[in-house]
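S.K.: Letter by letter, the chains look like this.
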Amino acid sequence: MSEQQDMITDIKTPVYLQYNFTAGKSPARFLSQIKQGILTGQRCPSCQNVYCPPRGSCAACGVATEEEVVLSGKATVQSFTIVAIPIPGNPIKPPFVIANLVADGANISFIHLMSDCVNEEVHMGQRVEPVWKPQEEWGYAMDNIKYFKPLDEPDMTIEDIGKLALNAEKV
Amino acid sequence: MLESEVLSQAFELGFTYTRSTGPIVGRFLTDLKNRKITGIKASDGRVIVPPMEFDPDTAEALSEFVGVGSEGEIVSWCWVARPRDAHPLDKPFAWAMIKLDGADVAMVHCVKAESQNDVATGARVRAVWADETFGMMTDIRWFELL
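Chains A and B, in that order, are what the protein sequence lines are.
Be aware that the first sequence starts at 1, since it is given in my numbering, and climbs by one per residue.
Be aware that the second sequence starts at 1, since it is given in my numbering, and climbs by one per residue.
By construction, these hints were calculated from the structure, which means they are not laboratory data.
Don't take every hint at face value.
Some chain B residues near chain A, calculated using beta-carbon distances under 8 Å [what the hints assert, rightly or not]:
1) Leu-7
2) Gln-9
3) Gly-14
4) Tyr-17
5) Arg-27
6) Phe-65
7) Gly-69
8) Trp-79
9) Arg-82
10) Glu-132
11) Met-136
Cut-off 30 Å, straight-line C-alpha distance, at most; resulting in silico cross-link-like pairs (DSS-like, lysine-lysine) [said to hold, decoys possible]:
12) Lys-112/B x Lys-149/A
13) Lys-93/A x Lys-146/A
14) Lys-112/B x Lys-12/A
15) Lys-146/A x Lys-35/A
16) Lys-12/A x Lys-74/A
17) Lys-74/A x Lys-99/B
18) Lys-33/B x Lys-91/B
19) Lys-35/A x Lys-25/A
20) Lys-99/B x Lys-36/B
21) Lys-12/A x Lys-41/B
22) Lys-93/A x Lys-35/A
23) Lys-163/A x Lys-112/B
24) Lys-112/B x Lys-33/B
25) Lys-35/A x Lys-12/A
26) Lys-12/A x Lys-36/B
27) Lys-146/A x Lys-163/A
28) Lys-41/B x Lys-91/B
29) Lys-93/A x Lys-74/A
Using N, Cα and C, we set each Cβ at its ideal position, and we do this for glycine too.
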């Protein structure tokens, strides 16, 4: 049996891919603004949809997005998942909540962390606001926002998520 | 649009796989750890190294392990003039198909040589084992020319 126990049954075969990532014009602008503590999007001149973060073009219309829009950071949970399994290299300890959030005034979601919340009570339509790191820690990164936490506001109906116009106060 | 500086940074994407070896490859790797090279006998009598789990002709499960030599013959080769970071040697070397003594098919591994002029099809080589073996293909550091 000792021979059996000494048998090799698995091997580590990691693959590491080294990239040099260049942000491009629109994401670079977005990151420069986030470094100043400002969350921005870009509006499509054709369909008027606002993209946050912007990629420089509208995926639906295929035209360049040029107009920059400043967003408050308040957002709505479009969908979410509770992560229960540790991910190698991820410093965040499970369980934690990852959500697709639509910023007020934007029409598509971005992914971010939710915290300061009861995981089991997170739900679609829930209103959230960003919790920023101390200003001296701001860099060119989306994690200048540490996480989003629940706002004491009424839920948004599912149909209305992503349709909140800029500057329109939620009723 | 408002201009901003070009932002660029290094980024590494890692897939930290662990692979299950199964009993055939597991045996091969276990033997490597013990500084032995093991093949398997196919239905037509050929000895295949590294061992296959299933017969290449009949698809029957294979189980008859056969020890082969740690010396062999270069069947074909390719000179690597500029090794990459992931390569087993940090100076020019050869990838080679090596038919070990007692085997009927060739196995790929690296051959350490001062110059590609020293490497030739038909040349005899010998496995150089790592100081510490783990049950991995890299337990054979490289093959040296005889």
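S.K.: Please name the hints from earlier in the document that this structure breaks, with their numbers sorted from lowest to highest.
M.R.: 6, 7, 8, 9, 10, 12, 16, 17, 23, 25 and 28
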